[in-house]
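Trainee: For reference, the chains in residue letters:
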Amino acid sequence: MWFTLDNLATAHDTHEGAAHSSTGLSNVKLGMWLFLGTECLLFGGLISTYMLYRGRVGTGPRPSQVFDIPFTSVSSFVLLMSSLTMVLAVSSAHKRDDKSTNLWLVITALLGATFVGGQVYEFTAFYNEGMGFSTSLFSSSFYVLTGFHGVHVTVGLIMLLALRGMLKNNKVPGSRAETVEMIGLYWHFVDIVWIIIFTLIDLIPA
Amino acid sequence: MLTRVIGRLKPLILGTAGTVFLASCATNAPQDTFQPKGPNAQKIDSLQKPVFAVAGIIGLIVASAVVYSIIKFRDKGQPIPKQSHGNPALEITLTIIPALILAVVGVFTFRTVFDLNKTSDTQMIINVTGQQWWWEYDYPTNNEYGITQPIITSGQLVIPVGTKVLLRETSRDVIHSYWIPALNGKRDAVPGRITLNRIEADEPGIYAGQCTEFCGLSHANMRMEAVALSKEDFAKWVANELKPYVAPAKDSLAKEGETVFLNQCTRCHQVNGLTREDGTPVIAAPDENVWSGAAPNLSHLMSRNTFAGAMFDLLTPECRSDVWKSESATFGEKYLAGVSEPCLNQTDLRGWLRNAPEKKPMYANPALLADTGGKYRGMPNLGLSESDIEKLVAYLLTLK
Amino acid sequence: MANIENFATPSSAMGALKRPVVTKGWREWVFTVDHKKLGIMYMATAMFFFLVGGLEAVLIRLQLALPDGKILNADLYNQMFTMHATTMVFLFVMPMTAGFANYFIPLQIGARDVAFPRINAFSFWALLFGGLFINLSWFLGGAADGGWFMYAPNSGPIFSPSHGVDFWALGLQITGIASLAGAINLIVTILNMRAPGMKLMRMPIFTWMSLVVQFLLAFAVPVITVALFLLSFQRNYGATFFDVASGADPLLWQHLFWIFGHPEVYILILPSFGIISEVLPVFSRKPLFGYPFVVFSGAAIGFVGWGVWAHHMFASGLGPVSVAVFSISTMAIAVPTGVKIVNWTLTLWGGKLWFTTAMKFAIGLIVLFTIGGLSGVTHSVAPSDTQQTDTYYIVAHFHYVLFGGAVLGLFSGFYYWWPKMFGKMLNEKLGSWNFWFMVIGLNMTFGPMHILGLQGQPRRMYQWTENRAGEGFFNLAFWNLVASIGSLILVIGVFFFLVNVFITARSGKVSPLDPWGARSLEWMTSNPPKEHNFDSIPTVRHLDEFFHRKYAEDANGQMQQIATAEEVLKQLEDNADAHIHMPSPSYWPIVLAFGLPITALGVIYSVPLAIFGGVIILFSAFGWALEPSTAPDTDFDPPSSGDTSKDVVHVG
Amino acid sequence: MNTTTTETTDSHATEHGLSTSGYVRIALILAAITALEVSTYYVDFGWLFMPALMAMMVIKFVMVVSYFMHLKFDNKLFSWLFYTGLFLAVGVYCAALATFKFFG
Ligand code: HEA
Ligand code: HEA
Ligand code: CUA
Ligand SMILES: [Cu+2]
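Residue numbers (our numbering), protein chains in the order written: chain A, 1 to 206; chain B, 1001 to 1400; chain C, 2001 to 2652; chain D, 3001 to 3104.
Same shape as in the complex, but just chain A (with noise of 0.2 Å):
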């Protein structure tokens, strides 16, 4: 997230070469696991709502009715490769190598997108077959869920974006290889969760 960029610990770092920290821990990586821990409360309760109501289609289309696994398939696949081009591009940035970390994290923006795309064909077709955002409680559930990690990937990939810009112009505020890392965590955990949503929502029939 952008507070990856506020951080005093750091401003310490650089200047006064020790850091000023009490475990030896950046501050923005603590800060960055415990936003991801807080996430999981948020995925879990859309979780939960829609696995509460995934049944519940009232006069729309049921989940197998619509659900493409192959095509969703691809997607989970392709977004599982992207956390394996993010962790190249950190590994990359950790070893000042710019031009591969630009290289990667351009790869892995390039994924993700795919993914948002193949996600937004996915609600173009649902949508076509009847299953509106208010049509039943499973749409409406279904669409909140996909829809909020859809958004988190959305900002993974204006952050990737953004940060290849800043890496570029050279304008990365603190540690670049932290600020790489800290994107790619919030990028991995992006995927993590489309790793359950995949297994709960699309595998397991309702």
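Hints should not be assumed to be uniformly reliable.
[Stated by the list, open to error] Computed cross-link-like contacts, PhoX-like style, restricted to lysine-lysine with a CA-CA straight-line distance of at most 25 Å:
id : chain 1 : residue 1 : chain 2 : residue 2
1  : B       : Lys-1082  : B       : Lys-1072
2  : C       : Lys-2352  : B       : Lys-1072
3  : B       : Lys-1076  : C       : Lys-2352
4  : B       : Lys-1076  : C       : Lys-2429
[To be verified] Pairwise CB distance ranges, derived in the manner of DEER restraints:
id : chain 1 : residue 1 : chain 2 : residue 2 : range
5  : C       : Ile-2503  : B       : Ile-1070  : 27 to 35 Å
6  : B       : Ala-1370  : A       : Gln-65    : 34 to 42 Å
7  : C       : Met-2201  : B       : Val-1107  : 33 to 41 Å
[Stated by the list, open to error] Heads up, incomplete: computed chain C residues facing chain A, CB under 7 Å, no partners named:
id : residue
8  : Val-2188
9  : Pro-2222
10 : Val-2223
11 : Val-2226
12 : Ala-2239
13 : Thr-2240
14 : Gly-2247
In short, the hints are calculated from the structure, not lab data. From the three backbone atoms N, C-alpha and C, an ideal C-beta is built for every residue, glycine too.
Since the structure of chain A is provided, determine the placement of chains B, C and D with the ligands on it from the hints.
Mentor: Positioned in the frame of chain A, the structure of chains B, C and D with the ligands alone reads:
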């Protein structure tokens, strides 16, 4: 065991809890939670009294310790005390004692919870439906109690004494909660769900209650009463409820009232057996004008003595207190007499017919109803003339 | 104060906007990222909302003083208690504790600021805008009217057609963001920014309790976020999450709300527990009895607090198994709480008690919270609770724990830390009046509610009727009147506080450096502290470090003063750090926060407005990202060229 | 519990992360598990279906968290923060769902 311990500590308990309870018991409030009148409420009461006592004692101990310290250790110029950091043994003891107390309370709680949820020996089922802002009671057929046809009433729940009655609660709009303190604790009436609540009354009488889940504008005015009748009286009540419709005599004021009623009221209210002039039965339900789809069934309005969610008495205050305060033995008789003209609370009933939303806040103003497709919640102001009201009252009085 | 004003002259920015360069006048506050200024702003905001919530409470009590009250109509009354609770809980107690945490945690752990200063500023502004946003509904067609737990489906578009609930849901969403960001910030601060030697088990107890609270916030807020999103999607975009006709289950809302809501009540109380755990030892001249027990019981409360939420739903028909389980788990919470009560009492025991106003409030908390806690235990007995729930007995319970507990703790904190924050002592005499009026008023107001409730008066009734008030002189009518009179006495009590603040600001007594003989680190600096808090970061060797620098045991085991506060401070000043970089002011936090209510307004009224709000948010996030937290070296005044002139104020 | 004793001086991940080929290997395993997961949709696994699916989900989750997110190599405090949230979420929401008789 708990009760035995409590028994031994009786003087102390009476001393401490007494102050709290004295005021509670002296005033005889109709919804007092410490005056159980049936086995379910009794079970709760036997559980809560000792708990209150324990809580009172603990409170006193803490307060005394604090007050003692304040007096004893105030700054009298003594030296700065030793900087002692605590005493783990003492600490652990004082952790275990409350835990033990609570474990004992827990066991009894556990037992009572399951005890109160037992439904296997039910003798009578009544469906209770909450709606903004009144209760509907629907008695399924029950041959043992002479209920050969379903009975639908509102406001006052009539039950036979000594009978294990199971209320199956639900709601047509928002969540309400059914509560007759003398008979049992609350149980929410949740739309889309059926919740079970068991009541049983020991003696004949009227037991006051109140909707206790916030349900919008007139939540405060959503009251109810449970009326317990002896088994014989209950049979009489059932017989009356099953009595067929008696049309008012030709050319009477009431007959004119019936016409007004047919024009104005039957689009919401049902009166069983009422027919149009051509003999077709008038069916109000399902009610399209009210958001939740129903209004009180008025077939035997005068057999109950409250109306509009028990907000108003259908009886004049004198007649009402005559019923309420009557001896157990004569209660049934007085209650079953119903509402006769001299006892009718004309002021409130006429006021209600004149402009219901003014007497009871309800979302009945068409200007505010766009979101519900123009459907009323509660009863609208029908703009009746005084003479129509006159006639209607005469008619309603025939609905014994 | 020496040249505090030009200490942090900010730099030209690397971001899109220039950094704020003026740090005087109103800009000093609006663009500040200083945790102390923000702390004060939090507190001022909270105080304002306390008066608003108190005014609402008084209107409620006036309406209920006599049967068939006519001051408010049903509609207005329902808005009144909903907004009273929302205001008191979300806009008074929570921000007030956030203010204390902001101000004192860095000082107590020997840090110069929080971990993320700009986020800190953002949190404050989001809270303020969120709070104003919720209250905006009063002027735009009526406030929320569903009660503070806003049960579905009564909160849905059909049953609550005004925009009140929309404002409520979106406004709480905004304050939720503020809380979440604040929680992450403070947790990282506590974990990571402690002075050398400040081990976790040497941390002042207020910091400890705040740490627990921030964890509770971090994990509880997302739950209500989900609930509020579902509600907003239903109300504004046609979803049917709580619409029974579509097959929804209204109990889903209850679970989500109370999974948040129960941890929330510990969020409200634990900071006050922390405050009085500071106050009691200071004025007993004795360390907190059983410090580790207090710490661990606080953590245990935080932990067990997650497993009890359904005790708010005992009457909702959960089924006997759930009811029994939640009933027992709720009882379990009394044990760690009892540990705290015991430790406070034993802290008094054998002490040398000094009854300042702060101490009076702290002692008041012990007794009155215990009353509230014990009534809580009577609720936890599920069958009894089915008689008690939704009656005034519950109202009595939670006002005793909230007012008798949380609020008294906060007032204790005001009196204790006022000299620290403003360099002046609040008047003790007025303080005493403040205390007694408040304690008498609160017992008069909320004490009778026990009786009212147990005799069957339900809560949330805009009128009560003589009919059900019972007979005799001491009937419900009597107790309702007493409660209402009590609330007026409370008003006088609060009034004494306001007068006290006013008088102190005008002509109060300047505070000595260490007015109370305090024990913890926040007192090891000037009053008020300098912008950078400490001239040199102290190394911590003890729990109660400050005390141990002032006192030592002599050969006979007697405590003897070995140094004055001034001497301790002098020592720190003499070793002052060469140059201290403080985070620089920024425009972005307030701009970003401002995007939130704009977006929310858009959700209610028009999508383009929401998009505009979104653009503000995105734009300022970029500006933020490009701006370094601390201006570069060269932009500092004094320049960091090895000179040692900086803001050192000599005391004494 | 006492985090101050932690002696990590440098949190830079390169020293305790994986090599590029290591990451690729993890990704391959993840891909294989995903394939297996998807296959459950087409092949009847009988009673094994649910447990197998859940197990695979958890394995994938843990692998990404441990390796890609470095949690395995990093300071335990990060794990504490994250897994506290995770387990709290699982516990609380499963309990809530249980009151809806969700698990049968
Ligand atoms: C500061 C906030 C706060 C705190 C700290 C508490 C603390 C507790 N609360 Fe309370 N509660 C609320 C705020 C709070 N509550 C609010 C706002 C509501 C109503 C919400 C609404 O409906 O609007 C509510 C409602 C509420 C209910 C639901 C009632 C209902 O609606 O039907 C219950 C039920 O169990 C409950 C229980 C408890 C218990 C057991 C504790 C325990 O933590 C208390 C523990 C403390 C003690 C017990 C005292 C000290 C202990 C000792 C001296 C040791 C020895 C004691 C024993 C052996 C018993 N509370
Ligand atoms: C921290 C929380 C908190 C606090 C401090 C208070 C404080 C008070 N509360 Fe309230 N209250 C709640 C939280 C709180 N409350 C909650 C959660 C509910 C449940 C709502 C619901 O059911 O949804 C509730 C409900 C509630 C009810 C029940 C309403 C009902 O069910 O119908 C009542 C009734 O008496 C009441 C009264 C009071 C009173 C008299 C005070 C007093 O202590 C207030 C004291 C403060 C003052 C007296 C301020 C003095 C200042 C002025 C008077 C203003 C002057 C103004 C200017 C100069 C601008 N509160
Ligand atoms: Cu129905 Cu309250
Ligand atoms: Cu609770």
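Trainee: Now, for every hint given, state plainly whether the structure supports it.
Mentor: So, going through the hints one by one against the coordinates:
1. B:Lys-1082 - B:Lys-1072: holds, 16 Å
2. C:Lys-2352 - B:Lys-1072: holds, 9 Å
3. B:Lys-1076 - C:Lys-2352: holds, 8 Å
4. B:Lys-1076 - C:Lys-2429: Given pair B:Lys-1076, C:Lys-2429 holds - Cα atoms ~20 Å apart, limit 25 Å.
5. C:Ile-2503 - B:Ile-1070: 27 to 35 Å: Cβ of C:Ile-2503 to Cβ of B:Ile-1070: about 28 Å, so the range 27 to 35 Å holds.
6. B:Ala-1370 - A:Gln-65: 34 to 42 Å: holds, 35 Å
7. C:Met-2201 - B:Val-1107: 33 to 41 Å: Given a distance of about 37 Å, which is inside 33 to 41 Å, the answer is holds.
8. Val-2188: Holds. Min distance 5 Å.
9. Pro-2222: C:Pro-2222 check passes; min Cβ-Cβ to chain A is 4 Å, inside 7 Å.
10. Val-2223: holds, 6 Å
11. Val-2226: holds, 3 Å
12. Ala-2239: holds, 4 Å
13. Thr-2240: holds, 6 Å
14. Gly-2247: With Cβ-Cβ at 4 Å, under 7 Å, it holds.
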